[in-house]
Every structure is written in structure tokens, then in C-alpha cells.
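Novice: Throw the hints in and build the complete structure from the sequences for me.
With the first letter of the sequence shown counted as 1, position 57 gets the number 498 in the working numbering; the numbers rise by one all the way through.
Keep in mind the hints are simulated off the structure, nothing from the lab.
Hints are supplied without guarantee of correctness; some may be wrong.
What the hints assert, rightly or not - Heads up, simulated BS3-like pairs for lysine-lysine below, C-alpha to C-alpha not over 25 Å straight-line: (1) K463 / K485; (2) K478 / K506; (3) K506 / K485.
None of these values were measured; they are calculated from a predicted model.
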Amino acid sequence: MAQHLHIVFGGELVTPSENVFKDPDAIHIVGIFADRKSAYDAWKTEAQRTVDNAHMRYFLGDLQKLMDASTSTPEAQD
442 MAQHLHIVFG GELVTPSENV FKDPDAIHIV GIFADRKSAY DAWKTEAQRT VDNAHMRYFL
502 GDLQKLMDAS TSTPEAQD
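Specialist: Written as C-alpha cells, this is what we have:
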């Protein structure tokens, strides 16, 4: 069975209407999780903890999709 990983991360956005981080260096990496339920629970905890700050946003990402995409596209050239 293939491993399916999820990442939870977040931070303060420039404006609540766009997914652009105010300070990318300050992005909070909550963690990487082996199952969606654990990732969702972590996302929900952080989202609820920061609910009073409209500029704060947390995301739950599917790392498998990112890993699959990276194997089907050429590496970036410096």
C-alpha cells in the first residue's frame, strides 16, 4: 500500500480575500501526517485557535499530489 501524506501549514495573509502570505518566512508548519483524519484534526485545532484573526489562515495539503506532480515535470533550472 502506498503511503499518502498530508501537510498542515498556515500563517498571516496580506488580505483575507487572497491566499498570499504576509511573511513567508513566518509560515507555521503544523506537521506532516500519515492520514487525512489526523491532518484534518490538526488543521481544525489551529483554525479554531486563530479564529479571531481574520488574516490568519491554515491549509491542509495533499503531499502525494505534490510528489506525483514533481515526478511528471522536469526540474527547474537555476
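Novice: Next, verify each hint and record whether it holds.
Specialist: Here's how the hints hold up against the structure:
no., hint, verdict
1, K463 / K485, "21 Å, holds"
2, K478 / K506, "17 Å, holds"
3, K506 / K485, "21 Å, holds"
Violated hints: none; the structure is consistent with every hint.
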